[in-house]
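Single-letter residue listing:
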Amino acid sequence: MPYIPHSDADRAAMLDAIGVKHIKNLFADVPAKVLYPKFKFPPPLDEQTLLEHFRFASDNNANVNDYMCFLGAGAYRHFIPSVVDHIVSRSEFYTAYTPYQPEISQGTLQAIFEYQSMICALTGMEVANASHYDGATAVAEAVVMAYNVLRKKRNKVVMSPFVHPEYRATTRTYVQGLDLEIVGDDTRQDAQSLLSLVDEETACFVTQFPNFLGELEDFRGIAEHVHDKGALWVVVADPIALGLFKAPGDYGADIVVGEGQPLGNPLSFGGPYLGFFATREQYVHKMAGRLVGETVDAEGKRGFVLTLSAREQHIRRERATSNICSNEALNALAAAVYLAALGKCGLRQLAEICYHKAHYLAREISKLRHYEVVTTKPFFREFVVRCPKPVAEMNEALLERDIIGGYDLGRDYPEMANHMLVCVTERNSRLEIDTLVRALKEVS
Amino acid sequence: MKVEQGLLYMESHEWVRLEGDEAVVGISDFAQEELNDVVYVELPEVGDTFAQGDVFGTVESVKAASDVYLPLSGEIIAVNKELEDSPQLVNEDPYGKGWFVRIKVSDPDEAKSLLDADAYAKFLAEEAKKGGH
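Here the protein sequences come in this chain order: A and B. Position 348 of the first sequence, counted from 1, bears residue number 348 in the working numbering, the numbering being contiguous throughout. Position 133 of the second sequence, counted from 1, bears residue number 133 in the working numbering, the numbering being contiguous throughout.
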């Protein structure tokens, strides 16, 4: 029997209070044909038949275990050591729902604390929160935070056109209710030339490292200029790249966010993913999300608690600057276990392998007729190739050869029709890379 | 619990000390006691202007975040920078080192609407009698 706390009298009183006669009237704007649709389900199946039905259906998917994959664009296939699944599958972690009472939740709290500490080390920042839903929401929260740090007095956000297109779209959706204007969509601009848009009206400057095209843009002098104008600098970073390249905190970033999926989380058809978020301590009171801190208990023993909770929406209510009180605890745990398993040197080695393999593929493609590697800036594990045919067509031909091709940049950047964003990770063997080169030659 | 003489108070527990056409603002001993350990005080910027009764900042204690209201209209001419690193001053010395802001008073007549120390003490006693705050 369902537990429904409201009696008919309660409901009548509530409807009366808002001046509505019937609950149905609240849905008047929804077209009738989609409001209460009649579902036509097939007849029920027994368990064995049902499992076979879905196994057969899933065989239609081109999955990354059976295909060679050169697709990245924000979601990356890296090897996940079995220890990650082993730890996150423990029922103490796996089944717990927001177990934040410190008396009974030291394990979960310590895991989050260690995740936060690792994100700080990776980004060169002083504080990191317990995570956001994904990279896109972390970017949007960073923009909102910058706006609040500067007391809502600055209404302009300069965002590079080479921040992930979905992150830019999410940010625009997110800030709709705020008095904020997002500029910087001109794709002829790089991080350096965009800087001229950063002025005294600007709340923050948002750049991505590596950018959506895989490039490592020249960030020299950005911190000085942005800070000179009194604005904050948000760097959207790839966590694997941070294993090899300088931490954004070391070159003056104020907020570092990004997609944490590459850290021990599977592709999983797009989610659940992990948004990491780190900033300088001076801004911690404006940071959204949960925060776990280390303390001592009554007996002086080390322990962990949620801290600075008064920042959060459930206490601050209408004065809160963010609606986020939650996090992706299991995904953050996976990231922490993954980072602990690889270690500092392991992460660096991994990043180097990706870097060298990607550069090997770029060299081989540049030898092909009809193709051109158009990336001229330094890059990490992704680069742009101009193809002789539309990318959709290319990818169809590649798929027939068991290859998942790169991302079609024309989808987001019309002037980049026929341009493919190709990604290489440690999962792509030399044989796979050479197979792709051969296939490209065949389909040109 | 102390109600300092010579100050004017709001029922929302802010105090103001008039000094010529300027005034210093903080929260009362009662307020800090109710809040418990103050961990963070968010203050406005010098140059900001507020009307009487406007929210000009926030006090965070371990378990709550509370708005603070400006007792008189005016422009912020100084903020207590020491609270950034030492918010506990609000608990330790609410009428002294725990001050929040100094303002340039724009309408001294507004002071008439505030409570003097005796009236505030009486207000607190009545609230306590009601059995809640």
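Simulated from the structure, these hints should not be mistaken for laboratory data. A couple of the hints might just be wrong.
[To be verified] Distance condition first, Cα-Cα at most 27 Å in a straight line; then the derived DSSO-like pairs of lysine-lysine:
| # | chain 1 | residue 1 | chain 2 | residue 2 |
| --- | --- | --- | --- | --- |
| 1 | B | Lys104 | A | Lys152 |
| 2 | B | Lys63 | A | Lys152 |
| 3 | A | Lys153 | B | Lys129 |
| 4 | A | Lys367 | A | Lys357 |
| 5 | A | Lys246 | A | Lys229 |
| 6 | A | Lys40 | A | Lys21 |
| 7 | B | Lys129 | B | Lys104 |
| 8 | B | Lys130 | A | Lys286 |
| 9 | B | Lys2 | B | Lys122 |
| 10 | B | Lys2 | A | Lys286 |
| 11 | B | Lys112 | B | Lys2 |
| 12 | A | Lys377 | A | Lys367 |
| 13 | B | Lys63 | A | Lys286 |
| 14 | B | Lys122 | B | Lys112 |
| 15 | B | Lys2 | B | Lys63 |
| 16 | A | Lys152 | A | Lys286 |
| 17 | A | Lys229 | B | Lys112 |
| 18 | A | Lys153 | B | Lys112 |
| 19 | B | Lys81 | A | Lys152 |
| 20 | A | Lys441 | A | Lys367 |
| 21 | B | Lys2 | B | Lys81 |
| 22 | B | Lys130 | B | Lys63 |
| 23 | A | Lys441 | A | Lys357 |
| 24 | B | Lys97 | B | Lys63 |
| 25 | A | Lys389 | A | Lys377 |
| 26 | A | Lys301 | B | Lys63 |
| 27 | B | Lys97 | B | Lys112 |
[Stated by the list, open to error] Which residues of chain A face chain B? A partial, calculated answer using Cβ under 8 Å:
| # | residue |
| --- | --- |
| 28 | Leu26 |
| 29 | Arg151 |
| 30 | His285 |
| 31 | Arg316 |
Note that beta-carbon positions come from the ideal geometry of N, C-alpha and C, so glycine has one too.
Verification of the supplied hints:
1. B:Lys104 to A:Lys152: holds (23 Å)
2. B:Lys63 to A:Lys152: Holds - the C-alpha atoms of Lys152 (chain A) and Lys63 (chain B) are around 26 Å apart, at most 27 Å.
3. A:Lys153 to B:Lys129: Distance of about 44 Å is beyond 27 Å: violated.
4. A:Lys367 to A:Lys357: With a Cα-Cα distance of about 16 Å, the restraint between Lys367 (chain A) and Lys357 (chain A) holds, given a limit of 27 Å.
5. A:Lys246 to A:Lys229: Judged against 27 Å, a Cα distance of about 24 Å means the pair holds.
6. A:Lys40 to A:Lys21: violated (32 Å)
7. B:Lys129 to B:Lys104: violated (37 Å)
8. B:Lys130 to A:Lys286: With Cα atoms ~37 Å apart, Lys130 (chain B) and Lys286 (chain A) exceed 27 Å; violated.
9. B:Lys2 to B:Lys122: holds (12 Å)
10. B:Lys2 to A:Lys286: It is violated: about 33 Å lies between the C-alpha atoms, which goes past 27 Å.
11. B:Lys112 to B:Lys2: holds (22 Å)
12. A:Lys377 to A:Lys367: holds (18 Å)
13. B:Lys63 to A:Lys286: holds (17 Å)
14. B:Lys122 to B:Lys112: Holds, at about 17 Å.
15. B:Lys2 to B:Lys63: holds (23 Å)
16. A:Lys152 to A:Lys286: Given that 27 Å is the threshold and the Cα spacing comes to 12 Å, the pair holds.
17. A:Lys229 to B:Lys112: violated (43 Å)
18. A:Lys153 to B:Lys112: violated (33 Å)
19. B:Lys81 to A:Lys152: holds (21 Å)
20. A:Lys441 to A:Lys367: holds (10 Å)
21. B:Lys2 to B:Lys81: Between Lys2 (chain B) and Lys81 (chain B) the Cα gap is close to 24 Å, so the pair holds against 27 Å.
22. B:Lys130 to B:Lys63: Within the cut-off at roughly 24 Å; holds.
23. A:Lys441 to A:Lys357: holds (19 Å)
24. B:Lys97 to B:Lys63: It holds: about 23 Å lies between the C-alpha atoms, which stays within 27 Å.
25. A:Lys389 to A:Lys377: holds (24 Å)
26. A:Lys301 to B:Lys63: holds (23 Å)
27. B:Lys97 to B:Lys112: holds (26 Å)
28. Leu26: violated (33 Å)
29. Arg151: Check passed: Cβ of Arg151 (chain A) comes within 7 Å of chain B, closer than 8 Å.
30. His285: Interface hint status for His285 (chain A): holds (5 Å vs cutoff 8 Å).
31. Arg316: holds (5 Å)
Going through the hint list in order, the structure does not satisfy hints 3, 6, 7, 8, 10, 17, 18, 28.
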